Every structure is written in structure tokens, then in C-alpha cells.
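Asks: Chain by chain, the residues:
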Amino acid sequence: MTGAERGTPDVAGDTELDLLLLTAKTQTLTTLVGALDIQAGLADIRAGPRQAPDGPDTD
Amino acid sequence: VELLLARPDQEAEQRDIAAVSFADCYARELPGLLWFVMSLGASAEAAADAAQSAFTDAFPVWPTIQHPHAWLRRVAQRAYYRRGMREIPVESPPDRPGPLPTASAVELHDEARTVSAALGRLPAKQRQVMAWHVDGYSPAEIAAELGADPAAVRQNLTKARRNLKRLLGIAGSAR
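If you're matching them up, the sequences are chains A and B in order. Residue numbers are given in my numbering: position 36 of the first sequence equals residue 36, and the series is strictly consecutive. Residue numbers are given in my numbering: position 143 of the second sequence equals residue 143, and the series is strictly consecutive.
I should point out that these hints are in silico values taken from the structure, not numbers from a laboratory. Any given hint might turn out to be false.
The calculated SDA-like cross-link candidates involving lysine to any residue, where the alpha carbons are at most 20 angstroms apart (straight line), are [claimed, not checked]:
1. Lys-159/B with Leu-20/A
2. Lys-25/A with Thr-114/B
3. Lys-25/A with Ala-18/B
4. Lys-25/A with Ala-117/B
5. Lys-25/A with Gly-41/B
6. Lys-159/B with Glu-141/B
7. Lys-125/B with Gly-41/B
8. Lys-25/A with His-109/B
9. Lys-25/A with Gly-32/B
10. Lys-25/A with Glu-45/B
11. Lys-25/A with Leu-167/B
12. Lys-159/B with Asp-18/A
13. Lys-159/B with Gly-120/B
14. Lys-25/A with Pro-150/B
15. Lys-25/A with Ser-116/B
16. Lys-25/A with Ala-27/B
17. Lys-25/A with Leu-108/B
18. Lys-25/A with Asp-135/B
19. Lys-25/A with Arg-28/B
Far from chain A, by Cβ distances over 10 angstroms, these chain B residues were calculated [unchecked claim]:
20. Ala-18
21. Gly-41
22. Ala-44
23. Gly-120
24. Ala-124
25. Leu-146
26. Ala-148
27. Arg-161
Some but not every residue of chain B turned toward chain A, in silico, with C-beta under 7 angstroms [stated by the list, open to error]:
28. Pro-101
29. Val-115
30. Ala-117
Because the structure is a prediction, the values reported are computed rather than measured. Using N, Cα and C, we set each Cβ at its ideal position, and we do this for glycine too.
Please build the complete structure, drawing on both the sequences and the hints.
Replies: Put into C-alpha cells, the structure is as follows:
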């Protein structure tokens, strides 16, 4: 990722940091995909809120 | 207007389409949303709680949400902060099963654990802009999402990256 793409000036070590962040994110996503139970999560949502909702948001 | 004019069978069909769309988005976006909340400093359990809360809020208004990626992050972030960034005690599991069956299910790799720990040591504002940044948002977009000054976001991002390099032992951090 270049400085222009980031919106910050290019500084030494940027490429290494971006690579490390990307690696960590990819590893975590791989772990989470294996750990999450999507069907249980969907069933939980369809059963309704567990507590008072935070209120509506707008988009 | 289309909903108002739809016949009951059409309404049911539209609800079915929305439900399928929601389920697809949940399966696709949930891991990334957990990563986002974990980047704010949450454990996997607290991140799952905040992410699940955001999707639960989204479910009844799903057809009206135009940009789910940003919407879910905004609401999950708020849920995490509203709960005081507290951790979920392992000894008191939720009364209903959520998407994360057991805390021990998430064993991060060494690099992920190291980066996560470094993110957790950043000051709160820097950690917040990094979470959005790592998910591909520009400083201007982050400023819009957080209702912050774009210049302040750029400044926090620059400081966050410099601090992360120092914490992770990356050359070029001494500035």
C-alpha cells in the first residue's frame, strides 16, 4: 500500500508493517472461520435480542 | 412504495429474499467483523458479543441498510465501547449459544497474537483509526464514520503506524 493510498506520507518500514498486519488479519480470519458456528449465531439472532437494543442507527 | 404496493405473497417473497441476503452477509462478514472489534482491543469472546449485537440490531432493519460493511462496524464498535470494553467472564457463558461456541476455539497464530497485542497497547484513538484503516478505509472515510476531523484522523494514523513499528521492532520507527 502506498502513502497516497493510505492517506499518510511514505515512511521507512511501511511495507513491512502492512505485510505484518495483512498476515495477522489473514491468520485470524482463517482461525475464526474454523471456530465460528454460523448456524448457531443465526438461530440466536432469530430468537431476538438478548437485552435492550442499543437503539436504531441510520445509514 | 414497492413494499406498500406488494401483494401478501410478494411481501413474503421479499422477506425471504431479505432473510437469505442477511444469512449470506452474516456468514461472509462475521469473521471480518470479529477481527475489527478485536483490533479495537477486544478478546475473541468480547468481539463475538459485540458483533452478534450488531447483527441482531441489523436483522429487523436489514432491507434499509445500504452499506452493511460500515454499518456493522459502526454499531459493533459502539456496542463494544458501551459495554465498557469489558471482557466476558469465561466462567459465566451466555444463556443462549452464539456464534463462538467456546473461548478456547480461537487459538491465534504467533504473528496474529503479536500484532493483536501491539494493537492493544496503542492509545484508544490510535487503536480505533487503525481498526478502520486495516479494514481498508481511507482517513477521509474513517473521519466520516467517526464524526472526526480528517486531519486528526491522519495524525492519529501516522502516530499509530509509528508506534506499531516500534512495538513490533520494525526498522524506520525512530522518528
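Asks: Each hint should be assessed against the structure and marked as holding or not.
Replies: Status of the hints after comparison with the structure:
1. Lys-159/B with Leu-20/A: The hint holds at about 17 angstroms.
2. Lys-25/A with Thr-114/B: Roughly 11 angstroms between the alpha carbons, so the hint for Lys-25/A and Thr-114/B holds.
3. Lys-25/A with Ala-18/B: This hinted pair is violated, its Cα atoms lying about 29 angstroms apart.
4. Lys-25/A with Ala-117/B: holds, 13 angstroms
5. Lys-25/A with Gly-41/B: holds, 14 angstroms
6. Lys-159/B with Glu-141/B: holds, 18 angstroms
7. Lys-125/B with Gly-41/B: holds, 11 angstroms
8. Lys-25/A with His-109/B: Answer holds: Lys-25/A to His-109/B is near 10 angstroms, not above 20 angstroms.
9. Lys-25/A with Gly-32/B: Between Lys-25/A and Gly-32/B the Cα gap is close to 9 angstroms, so the pair holds against 20 angstroms.
10. Lys-25/A with Glu-45/B: holds, 17 angstroms
11. Lys-25/A with Leu-167/B: Satisfied, since the Cα-Cα distance of roughly 17 angstroms is no more than 20 angstroms.
12. Lys-159/B with Asp-18/A: This hinted pair holds, its Cα atoms lying about 15 angstroms apart.
13. Lys-159/B with Gly-120/B: Status holds; Cα separation ~14 angstroms.
14. Lys-25/A with Pro-150/B: violated, 25 angstroms
15. Lys-25/A with Ser-116/B: Given that 20 angstroms is the threshold and the Cα spacing comes to 9 angstroms, the pair holds.
16. Lys-25/A with Ala-27/B: holds, 17 angstroms
17. Lys-25/A with Leu-108/B: holds, 10 angstroms
18. Lys-25/A with Asp-135/B: Measuring from Cα to Cα gives roughly 9 angstroms; hence the hint holds.
19. Lys-25/A with Arg-28/B: Holds, because 15 angstroms separates the two Cα atoms, which is no more than 20 angstroms.
20. Ala-18: holds, 13 angstroms
21. Gly-41: holds, 14 angstroms
22. Ala-44: Incorrect as stated: the minimum Cβ-Cβ distance to chain A is 8 angstroms, not above 10 angstroms.
23. Gly-120: Nearest chain A Cβ is 12 angstroms from Gly-120/B, so the label holds.
24. Ala-124: It holds; Ala-124/B is separated from chain A by about 19 angstroms at its closest Cβ, greater than 10 angstroms.
25. Leu-146: Holds: least Cβ distance 14 angstroms, greater than 10 angstroms.
26. Ala-148: holds, 13 angstroms
27. Arg-161: Violated, because the least Cβ-Cβ distance between Arg-161/B and chain A comes to about 6 angstroms, which does not exceed 10 angstroms.
28. Pro-101: holds, 5 angstroms
29. Val-115: holds, 4 angstroms
30. Ala-117: At about 10 angstroms, which exceeds the 7 angstroms cut-off, the nearest Cβ of chain A leaves the hint on Ala-117/B violated.
Hints 3, 14, 22, 27, 30 from the earlier list are contradicted by this structure; the remaining hints agree with it.
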